[in-house]
Amino acid sequence: MSGLLEELTAKALKKNVPLCVQMDLTYRCNERCVHCYLDHDDHGEMTTAEIKRVIDEMADAGVFVLTFSGGEILLRKDFFEILEYARLERQFCVKLKTNAIMIREHEAARLREIGVESIQISIYSHRPEVHDAITLVPGSLKRSIDAARFLKSQGLRVIFANVLMIQNLQDYKGVRALAEELGIECTLDPTVTPMMDGNRSVLNLGVDHKSLREVFRDENLVGNVDEFCAIADPADEDSLAALPCSASHTACYISPYGDVFPCVQFPLPTGNVRTQKFLDIWRHSDRMNEVRSIRLKDLTTCTSCSHVGSCTRCPGLAFMEGNMRGPSSQDCDKSFARTGVPSANMLAKSRAAANLVQIRILPPSVTAPVAGALA
Amino acid sequence: MTKLYVARNPRVAARSLDGEMMIMSGRDSTLFTLNKTATILWQSADGSTTLDEIVKLRICTEFEVEPAEAMQDAENLARELAGHGILQISEAPIPQGKAVAGETR
Numbered sequence: 001m002s003g004l005l006e007e008l009t010a011k012a013l014k015k016n017v018p019l020c021v022q023m024d025l026t027y028r029c030n031e032r033c034v035h036c037y038l039d040h041d042d043h044g045e046m047t048t049a050e051i052k053r054v055i056d057e058m059a060d061a062g063v064f065v066l067t068f069s070g071g072e073i074l075l076r077k078d079f080f081e082i083l084e085y086a087r088l089e090r091q092f093c094v095k096l097k098t099n100a101i102m103i104r105e106h107e108a109a110r111l112r113e114i115g116v117e118s119i120q121i122s123i124y125s126h127r128p129e130v131h132d133a134i135t136l137v138p139g140s141l142k143r144s145i146d147a148a149r150f151l152k153s154q155g156l157r158v159i160f161a162n163v164l165m166i167q168n169l170q171d172y173k174g175v176r177a178l179a180e181e182l183g184i185e186c187t188l189d190p191t192v193t194p195m196m197d198g199n200r201s202v203l204n205l206g207v208d209h210k211s212l213r214e215v216f217r218d219e220n221l222v223g224n225v226d227e228f229c230a231i232a233d234p235a236d237e238d239s240l241a242a243l244p245c246s247a248s249h250t251a252c253y254i255s256p257y258g259d260v261f262p263c264v265q266f267p268l269p270t271g272n273v274r275t276q277k278f279l280d281i282w283r284h285s286d287r288m289n290e291v292r293s294i295r296l297k298d299l300t301t302c303t304s305c306s307h308v309g310s311c312t313r314c315p316g317l318a319f320m321e322g323n324m325r326g327p328s329s330q331d332c333d334k335s336f337a338r339t340g341v342p343s344a345n346m347l348a349k350s351r352a353a354a355n356l357v358q359i360r361i362l363p364p365s366v367t368a369p370v371a372g373a374l375a
Numbered sequence: 001m002t003k004l005y006v007a008r009n010p011r012v013a014a015r016s017l018d019g020e021m022m023i024m025s026g027r028d029s030t031l032f033t034l035n036k037t038a039t040i041l042w043q044s045a046d047g048s049t050t051l052d053e054i055v056k057l058r059i060c061t062e063f064e065v066e067p068a069e070a071m072q073d074a075e076n077l078a079r080e081l082a083g084h085g086i087l088q089i090s091e092a093p094i095p096q097g098k099a100v101a102g103e104t105r
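Read top to bottom, the protein sequences are chains A and B.
Sequential numbering of the first sequence, starting at 1, is according to this note's numbering.
Sequential numbering of the second sequence, starting at 1, is according to this note's numbering.
Among the hints, a few may not be true.
[Unchecked claim] Below, simulated DMTMM-like cross-link-like pairs (lysine to aspartate or glutamate); rule was C-alpha separation at most 25 Å, straight line:
#1 Lys14/A / Asp298/A
#2 Lys152/A / Glu31/A
#3 Lys36/B / Glu237/A
#4 Lys152/A / Asp28/B
#5 Lys95/A / Asp39/A
#6 Lys15/A / Glu219/A
#7 Lys277/A / Asp18/B
#8 Lys11/A / Glu62/B
#9 Lys277/A / Asp28/B
#10 Lys3/B / Asp52/B
#11 Lys11/A / Glu53/B
#12 Lys277/A / Glu57/A
#13 Lys11/A / Asp52/B
Because the hints were derived from the structure by calculation, they are not lab data.
Predicted, not measured: the structure shown is a model, and the values here were computed from it.
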């Protein structure tokens, strides 16, 4: 984070201003990514008028960075009307997340005309047979890459977002090379998010410790490997007083149905902008305030973990595991893959597992009647 | 003295945070914050009010400052902000909603 942005974030935190909001305009999508956590049916999206009203309320509340995501945002027929309103009428800094397969020259030129801070495009591989097998849409890689070229030719900032899974584990270097060739930034994320209905089966698509360990030792990716993989110093009082992340502190998320959550990855309903004012939810929701009250020192298990000072623990993933103050196993996996040191949560789980599978040999006098009873 | 008109560039992103403006340039996403004087100038830059009127009616009434000195500072500030693509300056009124031409990353 730049110094100025850090300063503004600190000021927003002090004044309880929601500096950044992600708003999903739709959950409908024209791709069917195998790892996607969304239900793509339309259960009653907000109308154009409702969204514009929420945009007004967010502007009045001080929101500066507004990310439009989905689903596929361009499936909304009013997408450009909404974007134009947010940018030109209410002066938001707008970021977009899209698969970009509906962006051709015309749309790229319009985005340039309206002005957006960045366009993040999901790219899973540089090879069509891998990318298209993840999106389940033949030809999707070509369309996304064509779109990236159109956007770049308009002088727009494009970012490839690469989710790392078993299917595309070998391809992240290829995606990065492609990004570099196109003059595009690239992010890599090994986090697969559980489905919104709580189904965790998609987590099986995530990469294992051994593979992740190799990725974390790629110096082209992480820079100084020793530094990146080092175990953090023990947490002191100051670091334990730190905030777990920006969710509910300077950021939150709004679904296409108007539900407000602390973050897109933190499905704790805190209110709905169809029936409540955005700022009232932000300031007065008991749940939002509960999330807001949590400090690292309040975490169960994690406080005593050797990784607490450097862990990427996501409170939303922890919530989806059953306890917003608990550990997020996926982040424990990352800390372990990075350092080789198991987290406190992993050690506790292995102790519990040992208790569960322990087999005690009982003396024959005890076992015989049981065997007899079964006979 | 030539009258100068100033207008906010509609291509920037802008929001007030605790009385001071955060501005992100539409040209290269550079982030700026404006102090209280610059914030008043920005908020008053409607394209139809001249810079000397802004200084006289908004800045000198807010801060204890000599009009001539304030005018010089305001003009320097306006030109600096224009250099960053945040404000537009013209010797004629500027219709609002017109983006600065040729802005690109």
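Item to complete: State the violated hints by number, sorted upward, taking the hints as numbered earlier in the document.
Response: Hints 3, 6, 9, 11 and 13 not satisfied by this model.
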